[in-house]
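Generate coordinates for the entire structure from the input sequences, incorporating the hints supplied.
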Amino acid sequence: MVANNELSSSVIPLMLNIPDSPQLLQAKRKITRIMKFFAELLDDDDYFGGSKLSLGDIVAGNAVILIDKLGVDISQHKQIKSWCDRLMARQVWQETQLNEQQIAIFKQTVQKLMAK
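Per the numbering used here, residue 1 is the first one in the sequence shown, and the count goes up by one each step.
Quick caveat, the hints were computed from the structure, so don't treat them as lab data. Do not rely on the hints blindly, as some may be mistaken.
As the list claims (entries may be wrong) - DSBU-like cross-link-like pairs, simulated, lysine-lysine; straight-line CA separation at most 35 Å:
(1) Lys-78 / Lys-107
(2) Lys-52 / Lys-112
(3) Lys-78 / Lys-116
(4) Lys-78 / Lys-28
(5) Lys-36 / Lys-81
(6) Lys-112 / Lys-28
(7) Lys-81 / Lys-30
(8) Lys-81 / Lys-112
(9) Lys-52 / Lys-30
(10) Lys-30 / Lys-116
(11) Lys-36 / Lys-112
(12) Lys-30 / Lys-107
(13) Lys-69 / Lys-30
(14) Lys-52 / Lys-78
(15) Lys-81 / Lys-28
(16) Lys-107 / Lys-52
(17) Lys-69 / Lys-36
(18) Lys-69 / Lys-52
(19) Lys-28 / Lys-52
(20) Lys-30 / Lys-112
(21) Lys-36 / Lys-78
(22) Lys-52 / Lys-36
(23) Lys-81 / Lys-107
(24) Lys-52 / Lys-116
(25) Lys-78 / Lys-30
(26) Lys-107 / Lys-36
(27) Lys-81 / Lys-69
(28) Lys-69 / Lys-107
(29) Lys-28 / Lys-116
Written as structure tokens, this is what we have:
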């Protein structure tokens with residue numbers, strides 16, 4: 001729920017390319033709080049479900065990996081970075097992730113929609 005309701009809403013300001021805008025700064029603060037919350041949930045576990053991958057990992061993982069690809073440095077959150085590395089090590093995850101060109105197209109589409 002946090003990934004869908006809170007984290008996803010922070011993605012749009014990351015794509016608008018307006019440096020130091022109030023929306024971008026607010027989104028980054030919100031993302032930092034969410035990363036801390038996720039790190040606390042993970043604690044020393046491999047996944048949110050303990051030792052097994054769960055739907056929560058898939059939903060949150062897609063959002064976290066996207067924000068990382070959009071320029072938010074997640075490496076300062078050790079548990080989150082390790083968790084993302086475990087997700088990205090899965091072959092199916094690698095096969096379904098957006099590449100740089102797809103992300104650029106996605107950003108352009110969002111920028112056009114927001115300009116209207």
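So, going through the hints one by one against the coordinates:
A hinted pair counts as satisfied when its Cα atoms are at most 35 Å apart, and Lys-78 with Lys-107 qualifies at roughly 27 Å. Using a Cα cut-off of 35 Å, the hinted pair Lys-52 and Lys-112 is violated, with the two alpha carbons roughly 40 Å apart. Of the supplied pair hints, the one linking Lys-78 and Lys-116 is violated, its CA atoms being roughly 39 Å apart against a limit of 35 Å. As the CA atoms of Lys-78 and Lys-28 are separated by approximately 18 Å, the hinted pair is consistent with the 35 Å bound.
Restraint check for Lys-36 and Lys-81: the C-alpha separation of about 12 Å stays at or below 35 Å, so the hint holds. A C-alpha spacing of about 22 Å is found between Lys-112 and Lys-28, which places the hinted pair at or below 35 Å, so the restraint holds. As the CA atoms of Lys-81 and Lys-30 are separated by approximately 18 Å, the hinted pair is consistent with the 35 Å bound. Proximity of Lys-81 to Lys-112 is assessed by CA-CA distance (about 31 Å); at most 35 Å being required, the pair is judged to hold.
This hinted pair checks out: Lys-52 and Lys-30 have alpha carbons roughly 27 Å apart, not beyond 35 Å. Taken as a hint, the Lys-30 and Lys-116 pair is honoured in the structure, with Cα atoms around 26 Å apart against an allowance of 35 Å. With a C-alpha separation of about 32 Å, the suggested pair Lys-36 and Lys-112 falls inside the 35 Å cut-off, and the hint holds. For a cut-off of 35 Å, the pair hint linking Lys-30 to Lys-107 stands: about 20 Å separates their Cα positions.
Of the pairs offered as hints, the one joining Lys-69 and Lys-30 holds, with about 17 Å between alpha carbons and a cut-off of 35 Å not exceeded. Between Lys-52 and Lys-78 the alpha-carbon distance is near 19 Å, which keeps this suggested pair within the 35 Å criterion. Between Lys-81 and Lys-28 the alpha-carbon distance is near 17 Å, which keeps this suggested pair within the 35 Å criterion. Between Lys-107 and Lys-52, the direct Cα distance comes to roughly 33 Å. Compliance with the 35 Å bound is thereby established for this hinted pair.
Restraint check for Lys-69 and Lys-36: satisfied, since their Cα atoms lie roughly 19 Å apart, inside the 35 Å limit. A C-alpha spacing of about 25 Å is found between Lys-69 and Lys-52, which places the hinted pair at or below 35 Å, so the restraint holds. Restraint check for Lys-28 and Lys-52: satisfied, since their Cα atoms lie roughly 29 Å apart, inside the 35 Å limit. A hinted pair counts as satisfied when its Cα atoms are at most 35 Å apart, and Lys-30 with Lys-112 qualifies at roughly 24 Å.
The suggested pairing of Lys-36 with Lys-78 holds, with an alpha-carbon distance near 10 Å, which does not exceed 35 Å. Proximity of Lys-52 to Lys-36 is assessed by CA-CA distance (about 21 Å); at most 35 Å being required, the pair is judged to hold. Simply put, Lys-81 and Lys-107 have alpha-carbon atoms about 23 Å apart, close enough for the 35 Å limit, and the pair holds. For a cut-off of 35 Å, the pair hint linking Lys-52 to Lys-116 is broken: about 43 Å separates their Cα positions.
Of the pairs offered as hints, the one joining Lys-78 and Lys-30 holds, with about 18 Å between alpha carbons and a cut-off of 35 Å not exceeded. Restraint check for Lys-107 and Lys-36: the C-alpha separation of about 26 Å stays at or below 35 Å, so the hint holds. For the hint linking Lys-81 to Lys-69, the alpha-carbon distance of about 13 Å falls within 35 Å, and the restraint holds. Distance hint between Lys-69 and Lys-107 is fulfilled; the C-alpha atoms sit about 11 Å from each other, no more than 35 Å.
This hinted pair checks out: Lys-28 and Lys-116 have alpha carbons roughly 24 Å apart, not beyond 35 Å.
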